[in-house]
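K.L.:
Okay, here's what each chain looks like letter by letter:
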Amino acid sequence: MKWLELLQVAGVTLFSAVTLVVLYSLGVRLTAIAGDAQQKSPGLMRSLAYACFAVCGAAVLFGIYLIVPYFGK
Amino acid sequence: MVALVIALALFFDFTNGFHDTANAMATPIATGAIKPKTAVALAAVLNLVGAFLSTEVAKTISGGLIREGSDGIHITPDIIFAGLMGAVLWNMVTWLKGLPSSSSHALFGGLIGAAVVGIGFHSINFETVLQKVILPAIFAPLIAGLVAYLCTRLAYALTSRHDPETGDKLTQKRGGFRTGQIFTSSLVALAHGTNDAQKTMGIITLVLIAAGTQAPGSGPQFWVIAACAFAIAIGTYAGGWRIIRTMGSGLTEVKPAQGFSAETSTASAILASSHLGFALSTTQVASGSVIGSGLGRKGTSVRWGTAGKIALGWLFTLPASAIVGALTALLVGTGVVGVIIAAVAGTAAVLFMFVVSRRSHVGHHNAVEVEEAGHAVRFRKKKKSRKTTPSKDVQR
Chain A
1 MKWLELLQVA
11 GVTLFSAVTL
21 VVLYSLGVRL
31 TAIAGDAQQK
41 SPGLMRSLAY
51 ACFAVCGAAV
61 LFGIYLIVPY
71 FGK
Chain B
1 MVALVIALAL
11 FFDFTNGFHD
21 TANAMATPIA
31 TGAIKPKTAV
41 ALAAVLNLVG
51 AFLSTEVAKT
61 ISGGLIREGS
71 DGIHITPDII
81 FAGLMGAVLW
91 NMVTWLKGLP
101 SSSSHALFGG
111 LIGAAVVGIG
121 FHSINFETVL
131 QKVILPAIFA
141 PLIAGLVAYL
151 CTRLAYALTS
161 RHDPETGDKL
171 TQKRGGFRTG
181 QIFTSSLVAL
191 AHGTNDAQKT
201 MGIITLVLIA
211 AGTQAPGSGP
221 QFWVIAACAF
231 AIAIGTYAGG
241 WRIIRTMGSG
251 LTEVKPAQGF
261 SAETSTASAI
271 LASSHLGFAL
281 STTQVASGSV
291 IGSGLGRKGT
301 SVRWGTAGKI
311 ALGWLFTLPA
321 SAIVGALTAL
331 LVGTGVVGVI
341 IAAVAGTAAV
351 LFMFVVSRRS
361 HVGHHNAVEV
371 EEAGHAVRFR
381 KKKKSRKTTP
391 SKDVQR
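Listed in order, the protein sequences are those of chains A and B.
Quick note on the working numbering: the first sequence kicks off at 1 and runs consecutively.
Quick note on the working numbering: the second sequence kicks off at 1 and runs consecutively.
These are computed hints drawn from the structure, not numbers from a lab.
Glycine residues also receive a C-beta, built at the ideal position from the N, C-alpha and C atoms.
Incorrect hints may appear among the rest.
Label-pair distances were calculated between CB atoms; the ranges are [unchecked claim]: (1) B:337 with A:7: 29 to 39 Å; (2) B:347 with A:50: 50 to 60 Å; (3) A:7 with B:334: 38 to 48 Å; (4) B:298 with A:46: 24 to 34 Å; (5) A:66 with B:226: 15 to 25 Å.
Facing chain B, according to a computed beta carbon distance under 8 Å, are these residues of chain A, among others [said to hold, decoys possible]: (6) 4; (7) 12; (8) 18; (9) 20; (10) 21; (11) 22; (12) 26; (13) 27; (14) 28; (15) 46; (16) 47; (17) 58; (18) 59; (19) 60; (20) 63.
Input sequences plus hints: build the corresponding full structure.
P.N.:
Encoded structure:
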């Protein structure tokens with residue numbers, strides 16, 4: 001039966017989507033904090049935000065890497 | 001006959017791309033994240049790339065739905081021709097009427113109908129149909145919707161900012177999501193390529209197997225992949241222009257953060273299922289996500305009437321195209337004359353619908369299918385100022 005595979009799809013979808021959204025949201029949040037006037041270390045926040053975006057992008061690329069059969073073999 | 005079927009299959013691929021550009025690119029264009037021209041070109045290119053990435057879905061279709069070869073049951077190119085005719089005609093009708101329908105289900109319906117009439121009930125592998133088509137069709141939109149709901153909640157929770165002393169709302173600064181949408185919508189386009197372009201590849205492979213030029217159970221050949229990839233890319237590009245023209249005429253209230261969440265869920269759901277060879281409908285998954293993300297925002301409720309209408313459209317697609325496919329199979333079954341009649345009648349019908357579509361006003365109702373899903377969610381709180389979306393000027 002394909003229930004297991006269906007469950008797998010559900011799990012993967014949930015995991016990957018939530019990961020991406022959380023990472024990206026954190027990035028957005030940190031960018032916003034970095035933009036605040038009274039913020040003491042905008043540079044740090046900004047670099048943290050960029051780190052979030054970078055990890056998010058890497059996660060996407062990794063996901064695609066997993067899917068392409070060419071790399072899988 | 002084989003050449004005719006391949007031509008028809010590529011045309012189906014074209015209509016598929018034509019139909020579905022909106023799914024990927026409607027929201028980023030609407031929120032002003034990308035310029036329309038760029039968006040359409042991007043979608044076309046990514047569809048092309050996506051089509052090359054994975055061929056799992058193609059294998060599902062070419063080897064499974066209909067029992068070919070060894071059991072002594074021979075599906076002929078005629079049957080596939082009839083099935084495709086059913087799919088193409090249903091696709092054109094729904095496109096004309098602006099119904100949110102799934103190109104994939106039209107294809108399966110057409111094929112099943114044609115096979116039942118042309119060969120008989122025993123020719124259909126109902127178990128595979130149930131496992132790889134029906135079940136994903138029910139669950140994929142649900143999964144995508146649920147995930148989109150969670151993601152939207154998370155995105156809003158993580159980015160809501162309050163002043164620590166007074167508790168007042170600060171400026172939320174969620175503009176970053178608009179940039180993010182460029183990437184997520186690109187992913188959706190890519191996912192579309194990995195799932196929808198595959199269906200045509202599967203069909204052409206099926207024809208080649210049926211005609212005896214390819215071994216049963218083998219995957220699509222390279223030229224088939226390339227041809228399908230280009231057909232869907234061209235379709236995407238052509239379809240995009242209609243959307244650009246109609247973008248100014250009102251859109252769902254999708255905020256960048258919502259769009260981002262919805263698209264992420266859509267892309268991951270489609271990519272995950274493509275990888276396992278589930279042939280699901282991108283339209284339905286995208287609709288599920290849009291509804292889910294709409295619910296994730298505070299102060300929303302579902303318009304069950306509209307949602308029901310969408311569901312009804314989904315239910316009808318399979319049987320309706322099955323009937324068209326079956327009728328064509330009957331006609332084709334009468335011999336060469338029947339094939340010619342079917343081909344001529346089909347072409348005439350498609351041309352007729354194309355002419356009608358040219359004359360009728362192209363509104364957002366028949367350009368953006370997911371739009372319908374967006375309407376299924378009612379927003380209680382309406383924002384008066386639309387500062388966050390300075391998209392009105394960009395769209396024109």
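K.L.:
Does each hint fit the structure? Answer for all of them.
P.N.:
Hint check:
1. B:337 with A:7: 29 to 39 Å: 51 Å, violated
2. B:347 with A:50: 50 to 60 Å: 55 Å, holds
3. A:7 with B:334: 38 to 48 Å: 47 Å, holds
4. B:298 with A:46: 24 to 34 Å: 29 Å, holds
5. A:66 with B:226: 15 to 25 Å: 24 Å, holds
6. 4: Since chain B brings no Cβ nearer than about 10 Å to residue 4 of chain A, farther than 8 Å, the hint is violated.
7. 12: 4 Å, holds
8. 18: 6 Å, holds
9. 20: 5 Å, holds
10. 21: 4 Å, holds
11. 22: With Cβ-Cβ at 6 Å, under 8 Å, it holds.
12. 26: 6 Å, holds
13. 27: Status holds, d = 7 Å.
14. 28: With a minimum Cβ separation of about 4 Å from chain B (threshold 8 Å), the hint on residue 28 of chain A holds.
15. 46: 12 Å, violated
16. 47: With a minimum Cβ separation of about 15 Å from chain B (threshold 8 Å), the hint on residue 47 of chain A is violated.
17. 58: 12 Å, violated
18. 59: At 10 Å from the nearest chain B Cβ, residue 59 of chain A fails the 8 Å test, so the hint is violated.
19. 60: 7 Å, holds
20. 63: 7 Å, holds
Comparing the model with each earlier hint shows violations of hints 1, 6, 15, 16, 17 and 18; every other hint is respected.
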